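Chemist: These are the residues of each chain, in order.
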Amino acid sequence: MVDKHFYDAKENVTLAQTAEVTSAVLTDASQGNTTIAGIATMSSAGAEDICFFYDRKNKEKAMQMQAKACVTTEELKQFVPANVIVLISENPKLAFIKLNEFMYAERKPAAGVAASAKIAASARIGKNCFVGENVVIGENVEVGDNCVIEANTVIAQGCKIGNNCRIGNNASIAYSFIGNNCYIYTGARIGQDGFGFQLIGGQHHRIPQLGRVIVGNDVEIGANTCIDRGALDDTVIGDGTRIDNLVQIAHNDKLGRGCVIVSQVGIAGSCTLGDYVVLGGQVGLADHLNIGSGAQVAAQSGAMRDIDAGAVVMGSPCVPFKDYMRQVSFLQKNSKK
Amino acid sequence: MVDKHFYDAKENVTLAQTAEVTSAVLTDASQGNTTIAGIATMSSAGAEDICFFYDRKNKEKAMQMQAKACVTTEELKQFVPANVIVLISENPKLAFIKLNEFMYAERKPAAGVAASAKIAASARIGKNCFVGENVVIGENVEVGDNCVIEANTVIAQGCKIGNNCRIGNNASIAYSFIGNNCYIYTGARIGQDGFGFQLIGGQHHRIPQLGRVIVGNDVEIGANTCIDRGALDDTVIGDGTRIDNLVQIAHNDKLGRGCVIVSQVGIAGSCTLGDYVVLGGQVGLADHLNIGSGAQVAAQSGAMRDIDAGAVVMGSPCVPFKDYMRQVSFLQKNSKK
Amino acid sequence: MVDKHFYDAKENVTLAQTAEVTSAVLTDASQGNTTIAGIATMSSAGAEDICFFYDRKNKEKAMQMQAKACVTTEELKQFVPANVIVLISENPKLAFIKLNEFMYAERKPAAGVAASAKIAASARIGKNCFVGENVVIGENVEVGDNCVIEANTVIAQGCKIGNNCRIGNNASIAYSFIGNNCYIYTGARIGQDGFGFQLIGGQHHRIPQLGRVIVGNDVEIGANTCIDRGALDDTVIGDGTRIDNLVQIAHNDKLGRGCVIVSQVGIAGSCTLGDYVVLGGQVGLADHLNIGSGAQVAAQSGAMRDIDAGAVVMGSPCVPFKDYMRQVSFLQKNSKK
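Protein chains in written order, with our numbering: chain A, 62 to 398; chain B, 62 to 398; chain C, 62 to 398.
The reader is advised that the hints may include incorrect statements.
When chains are identical, the list treats them as one kind, so a pair holds in a single copy or across two.
[As the list claims (entries may be wrong)] Here are the simulated DSSO-like cross-link-like pairs (lysine-lysine), alpha carbons at most 27 Å apart as the crow flies:
id : residue 1 : residue 2
1  : LYS394    : LYS383
2  : LYS179    : LYS169
3  : LYS179    : LYS383
4  : LYS394    : LYS188
5  : LYS118    : LYS154
Derived by calculation from the structure, the hints in this document are not laboratory data. Predicted model only: the values in this text are computed from it and were never measured.
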């Protein structure tokens with residue numbers, strides 16, 4: 062199903078290769094030289110494709126698959142039609158990732174700096190980087206090795222970008238230090254002034270915003286997401302944190318490691334999130350909150366108070382998940398009387 | 062009221078022309094040569110303007126209008142002051158659209174490709190297109206006829222754009238096929254990777270995102286809206302669907318025909334919407350939901366379950382509209398005791 | 062704590078200067094020649110820094126400060142450790158702003174027009190302006206004096222920008238008149254068509270959008286925020302209003318003076334806001350509402366009806382704050398039975 066118009070695909074991949082790449086066991090060893098044409102979902106896989114089955118909920122789809130081969134678990138293989146060649150994996154989802162990475166590749170631009178890019182004389186660009194058309198890089202910027210900076214993106218004075226980073230087109234970065242292996246998507250805005258002012262004599266007087274944005278390693282920042290720089294302290298995004306599209310992160314927020322921030326979340330200023338915090342889509346956090354490590358906040362919830370580590374909460378204002386379900390149930394029953 | 066500084070306006074439009082263009086009947090035939098200066102709202106129309114009256118709720122405004130002429134219905138004309146010339150229409154709202162289109166025109170740029178545009182040698186641009194300053198068009202891109210691609214927009218390798226499309230400035234398109242007559246607004250991000258990863262050994266490991274975005278004909282995609290490409294399948298937007306600003310559409314979503322997606326809606330991954338689904342502003346849908354054709358979800362609602370065709374729902378979690386109103390009423394009454 | 066890598070900082074600022082700039086009184090006059098290295102928060106201030114203490118809630122932090130000097134009030138100085146030099150101010154928060162403005166400066170680009178900027182022959186750019194790389198300015202645009210227009214921004218035909226404005230990079234402005242002293246952030250989209258159409262024979266037919274966006278003086282418009290132009294009337298933003306990131310303001314909205322619109326708010330079409338209205342983060346307003354001056358709508362609330370001047374409301378649908386708290390409390394108690 063992957064469109065070779067967009068992606069480069071390996072041809073003639075055999076099931077023996079598949080087994081090796083995915084650490085799976087080919088149940089019928091005689092099929093080692095059989096080739097697969099592509100990876101597809103169970104529903105769309107054709108007679109030359111391989112698919113992956115790892116969730117018992119989808120057993121109906123499994124039973125109807127038309128694929129040539131299927132990677133699944135020992136436990137689930139019973140649902141795969143007899144004419145499909147089975148590969149057994151302890152973790153078919155990981156196998157899926159591995160085979161995708163093996164078979165398909167996004168086309169990366171060749172290293173080089175477009176003639177139309179405007180790079181300040183004092184900026185330093187590392188080895189093996191691609192800098193696209195009309196990119197603007199300010200004074201004293203430092204970009205590491207093997208980075209891709211796509212067209213029309215602006216990196217303002219003084220920023221540092223680590224190695225192996227990818228920055229999508231039309232993005233804006235200012236007052237920021239970005240770690241290694243980060244992926245910043247198209248249209249992301251990082252490092253603009255926070256929303257701070259003081260009402261004096263009927264006028265909103267701007268509070269100077271003099272901090273930075275410090276982004277760790279292995280971070281993703283989604284399309285059109287905004288991360289304001291700190292007011293006096295810094296805004297900090299921890300290693301391995303993933304931020305989806307259209308998220309707002311305000312000044313002085315500190316996000317820990319491995320957090321997952323789903324689309325359209327809004328985090329008001331000076332919040333602290335521990336590690337592996339999960340915020341569902343459209344969640345809102347009031348300012349100055351502490352959210353403990355491992356806490357999970359369900360989509361559309363709103364928090365006005367701190368949340369304990371490991372808590373699972375829901376609602377606006379959010380409460381423990383069970384309490385929320387009880388509230389919903391109470392309201393539905395009693396309002397019908 | 063329309064500012065000729067921005068729009069080109071026809072001069073000396075007569076009421077006879079107005080009647081013809083709008084399929085309305087001029088009640089006083091002797092006024093056929095009377096001219097109007099412009100179209101305005103009932104409140105702001107001056108003595109040379111024409112206005113439109115089609116909603117009985119606005120009868121107070123109608124009774125106070127200062128306009129020269131008014132297009133309204135047989136039923137509503139009683140509220141129009143006696144000195145205003147009346148034109149009778151079966152559909153004054155449509156008449157309003159028609160007269161606007163007749164009298165005013167947005168200024169379209171003349172066809173041509175800016176010298177600063179960077180178009181890959183393998184890309185093909187159709188006839189009569191405008192390609193603005195600093196536009197970047199990748200390898201093998203195909204653009205149809207009569208398209209306008211505004212400044213600083215980036216269309217990545219392999220994309221296809223149909224005929225008569227308009228793409229606003231500073232937009233990003235990748236891994237996408239766009240139909241005919243589409244209007245993509247400034248800052249829209251189409252085709253970036255979906256938000257997919259697997260936690261392995263404490264690290265979020267990216268799941269390759271290898272699908273596309275397939276946009277039908279006559280689709281509008283609002284400013285700064287984000288549409289992620291599919292993971293393995295495609296993300297699909299059906300013909301005639303209208304998407305407002307700042308909307309998030311995740312990987313593998315399938316939207317039917319004629320849907321209306323109001324600003325700041327967030328649709329999680331792998332949802333399927335039928336035809337003419339309406340999602341009010343800030344609505345959130347959990348992943349893998351089926352929303353039946355004609356369903357309407359009120360603003361700020363959240364859905365965690367499938368929604369039947371034709372259902373009208375509200376709340377978070379959403380319930381049928383009447384139940385929602387009952388819940389609100391129950392809570393307001395009982396909490397005051 | 063302010064990073065001189067990004068900001069220019071005055072060296073050797075004395076406490077006498079500090080007192081003068083902030084209108085504070087140095088309690089120990091013998092310390093007038095003592096210098097401070099920088100401004101920091103109470104928690105992070107080192108032995109050479111000055112900090113500000115103005116909220117009794119932070120008295121624990123005050124008692125542990127390591128700073129050289131602290132600006133505070135007569136009432137709060139009791140919590141400052143004895144070895145810290147105290148300056149007394151009637152308004153330490155304002156003093157904080159003043160000293161920041163005195164000590165630190167953002168680096169403004171020197172006036173001049175980049176060679177890569179594309180400025181229409183009929184456009185007029187005022188004195189002492191900076192126009193960045195790849196900026197595109199259309200026919201008949203007028204830009205006042207002392208403006209900064211950052212890279213890759215597009216200002217379409219006919220727009221007027223006042224004096225002393227700053228427009229961030231990658232922004233889009235069309236069909237708009239912008240006042241003086243405005244700050245438009247990166248990626249803001251101002252003046253695109255509103256979301257208006259009429260369903261005719263199963264097709265959404267676009268309603269022409271022929272108004273403008275009129276922005277007053279001293280307005281801020283946040284990153285990736287969208288403001289649609291009016292349909293026939295104008296969309297209006299009053300003097301001194303502050304709009305955060307990722308906000309949606311629809312066609313024909315009229316915002317008064319000094320409003321505060323926090324991130325991710327969505328205002329549907331034809332709403333009227335009085336002066337000094339505050340909308341918390343993620344608030345949604347239905348169309349055609351009147352929100353009285355001084356009204357405050359708490360974060361995540363939704364309004365379907367008009368709101369009185371001075372009202373403080375919360376919830377979706379929003380109710381007076383006390384009623385909302387009663388509802389929350391009622392639900393929490395009764396659902397646990």
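Chemist: Does each hint fit the structure? Answer for all of them.
Modeler: Tested hints:
In this assembly of identical chains, the alpha carbons of LYS394 and LYS383 lie at most 27 Å apart whether taken from the same copy (16 Å) or from different copies (14 Å). For a Cα distance limit of 27 Å, the shortest separation of LYS179 from LYS169 qualifies both inside one copy, at 21 Å, and across copies, at 18 Å. Taking the closest pair of Cα atoms, LYS179 and LYS383 never come within 27 Å of each other, the shortest separation being 56 Å inside a single copy and 56 Å across copies. When the C-alpha separation of LYS394 and LYS188 is checked against a cutoff of 27 Å, the pair qualifies neither within a copy, at 65 Å, nor between copies, at 63 Å.
In the homo-oligomer, the alpha carbons of LYS118 and LYS154 lie at most 27 Å apart inside one protomer (14 Å), although the nearest pairing across protomers, at 49 Å, exceeds that limit.
This entry does not satisfy hints 3 and 4, going by the numbered hints stated previously.
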